[in-house]
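Protein chains in written order, with the working numbering: chain U, 485 to 688; chain H, 485 to 688.
The hints are simulated quantities; they were obtained by calculation from the structure and are not laboratory data.
The reader is advised that the hints may include incorrect statements.
Where chains are identical, the list cannot tell them apart; a pair therefore holds if satisfied intra-copy or between any two copies.
[Unchecked claim] With a Cα cut of at most 25 Å, we get these calculated SDA-like pairs of lysine to any residue:
no. : residue 1 : residue 2
1   : K605      : E661
2   : K605      : E641
3   : K605      : W581
4   : K671      : R654
5   : K605      : S582
6   : K673      : R653
7   : K605      : H575
8   : K673      : G644
9   : K673      : L508
10  : K673      : R640
11  : K673      : G570
12  : K673      : T612
13  : K605      : G578
14  : K605      : S631
15  : K671      : D515
16  : K605      : E626
17  : K671      : S536
18  : K673      : R654
The chain contents come next:
2 protein chains.
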Amino acid sequence: MPQGQPTTVPDDGLTTRQRRNRPLLAVHTGDGKGKSTAAFGLALRGWNQGWSIGVFQFVKSAKWRIGEQTVLERLGELHAQTGEGGPVEWHKMGSGWSWTRKSGDADDHAEAAAQGWEEIKRRLAAQTHDLLILDEFTYPMEWGWVSVDDVVSTLRERPGFQHVVITGRRAHPALIEAADLATEMTKLKHPMDAGQKGQRGIEW
Amino acid sequence: MPQGQPTTVPDDGLTTRQRRNRPLLAVHTGDGKGKSTAAFGLALRGWNQGWSIGVFQFVKSAKWRIGEQTVLERLGELHAQTGEGGPVEWHKMGSGWSWTRKSGDADDHAEAAAQGWEEIKRRLAAQTHDLLILDEFTYPMEWGWVSVDDVVSTLRERPGFQHVVITGRRAHPALIEAADLATEMTKLKHPMDAGQKGQRGIEW
Numbered sequence: 485m486p487q488g489q490p491t492t493v494p495d496d497g498l499t500t501r502q503r504r505n506r507p508l509l510a511v512h513t514g515d516g517k518g519k520s521t522a523a524f525g526l527a528l529r530g531w532n533q534g535w536s537i538g539v540f541q542f543v544k545s546a547k548w549r550i551g552e553q554t555v556l557e558r559l560g561e562l563h564a565q566t567g568e569g570g571p572v573e574w575h576k577m578g579s580g581w582s583w584t585r586k587s588g589d590a591d592d593h594a595e596a597a598a599q600g601w602e603e604i605k606r607r608l609a610a611q612t613h614d615l616l617i618l619d620e621f622t623y624p625m626e627w628g629w630v631s632v633d634d635v636v637s638t639l640r641e642r643p644g645f646q647h648v649v650i651t652g653r654r655a656h657p658a659l660i661e662a663a664d665l666a667t668e669m670t671k672l673k674h675p676m677d678a679g680q681k682g683q684r685g686i687e688w
Numbered sequence: 485m486p487q488g489q490p491t492t493v494p495d496d497g498l499t500t501r502q503r504r505n506r507p508l509l510a511v512h513t514g515d516g517k518g519k520s521t522a523a524f525g526l527a528l529r530g531w532n533q534g535w536s537i538g539v540f541q542f543v544k545s546a547k548w549r550i551g552e553q554t555v556l557e558r559l560g561e562l563h564a565q566t567g568e569g570g571p572v573e574w575h576k577m578g579s580g581w582s583w584t585r586k587s588g589d590a591d592d593h594a595e596a597a598a599q600g601w602e603e604i605k606r607r608l609a610a611q612t613h614d615l616l617i618l619d620e621f622t623y624p625m626e627w628g629w630v631s632v633d634d635v636v637s638t639l640r641e642r643p644g645f646q647h648v649v650i651t652g653r654r655a656h657p658a659l660i661e662a663a664d665l666a667t668e669m670t671k672l673k674h675p676m677d678a679g680q681k682g683q684r685g686i687e688w
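Using the sequences and the hints, build the whole thing.
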């Protein structure tokens with residue numbers, strides 16, 4: 485046999501390069517801080533690779549405009565202006581999603597969450613983004629607003645090369661099972677324990 | 485007594501606002517992923533607040549140019565060009581630090597780490613930055629390259645309003661004790677477990 489020839493080739497239909505660069509499903513869970521922050525840190529890396537980034541925030545109040553959103557959207561503008569990095573879309577649930585203009589569904593968070601997931605399914609099928617961050621998506625899963633089975637099977641069967649990061653406490657075991665990478669953030673110590681309130685630049 | 489007057493005022497010499505907005509010492513430790521990524525995510529927020537950001541990487545090979553460095557340095561340029569956000573400095577240890585040009589100290593990591601810490605002490609005393617990230621600084625502490633007592637007392641007594649984030653596994657108990665916020669990242673699942681190698685955009 486020629487030197488350097490692998491003795492067995494995995495029967496997975498992938499090239500060596502494809503096998504190395506597989507799209508990842510990552511889950512950041514646990515009660516500690518850093519779940520979302522680490523996800524947005526990954527978005528920085530992805531932007532730098534020229535990836536299309538899609539962020540979907542499922543729970544935080546739409547009134548909050550966190551620093552990461554401002555900066556990542558600014559990086560998205562920079563991409564449009566100079567071609568550096570990749571495009572960035574940031575969508576928040578709140579009272580409906582930014583892609584819908586319908587009033588009336590404002591107060592029904594369950595309905596809004598289900599609509600958000602349907603939109604994400606459409607984007608996964610269309611391979612719109614290279615990295616999708618589903619921030620605090622564990623809660624709609626926990627509360628039955630979206631079907632855990634549907635989420636897991638959709639993610640398992642997503643086409644092409646799409647990284648997905650899901651954040652939030654109490655990730656469903658089936659989601660952990662489907663994940664390639666799962667990290668639990670555990671609080672060892674928090675300033676709230678000493679009666680300190682959240683502050684600008686640290687909490688948002 | 486007039487309404488709204490606090491019955492007791494803590495004897496700490498701080499205004500209410502100062503007491504709310506206290507500089508934080510945060511530690512990201514544990515064997516899981518996300519320790520550095522979450523720290524760089526905080527840098528995004530800080531940049532957006534107009535903070536001066538100083539990143540000091542103690543262990544990663546100086547050959548690595550991780551995506552976060554490229555993007556945060558780009559944001560620092562943007563600040564210089566447009567006044568948006570804040571300034572960013574990113575220093576890596578490797579063979580000496582970028583602020584030294586001396587040859588000869590290239591191969592002594594212990595010496596380089598000690599020099600890095602001395603520079604950080606000077607900057608803390610001069611209040612050069614609003615947010616300092618000491619990435620993988622737990623290792624020089626663990627290996628005795630810097631004195632744990634010196635680090636902890638310097639951080640406890642740092643003047644003004646400087647947030648400090650320290651990342652790395654096996655954070656020293658005295659560092660956790662001194663921290664306002666400590667999070668442990670624990671691996672639940674990692675793609676390396678399935679034989680997958682690190683890949684661009686995810687690991688760097």
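Each hint tested on the structure:
no. : hint           : result
1   : K605 with E661 : within (20 Å within a copy, 45 Å between copies)
2   : K605 with E641 : within (11 Å within a copy, 52 Å between copies)
3   : K605 with W581 : within (15 Å within a copy, 47 Å between copies)
4   : K671 with R654 : both (14 Å within a copy, 15 Å between copies)
5   : K605 with S582 : within (16 Å within a copy, 46 Å between copies)
6   : K673 with R653 : both (17 Å within a copy, 16 Å between copies)
7   : K605 with H575 : within (15 Å within a copy, 41 Å between copies)
8   : K673 with G644 : between (41 Å within a copy, 23 Å between copies)
9   : K673 with L508 : between (30 Å within a copy, 12 Å between copies)
10  : K673 with R640 : between (36 Å within a copy, 16 Å between copies)
11  : K673 with G570 : neither (36 Å within a copy, 29 Å between copies)
12  : K673 with T612 : neither (39 Å within a copy, 27 Å between copies)
13  : K605 with G578 : within (19 Å within a copy, 44 Å between copies)
14  : K605 with S631 : within (12 Å within a copy, 52 Å between copies)
15  : K671 with D515 : both (6 Å within a copy, 14 Å between copies)
16  : K605 with E626 : within (18 Å within a copy, 46 Å between copies)
17  : K671 with S536 : neither (32 Å within a copy, 27 Å between copies)
18  : K673 with R654 : both (19 Å within a copy, 15 Å between copies)
Of the numbered hints given earlier, the model fails hints 11, 12, 17; all others are met.
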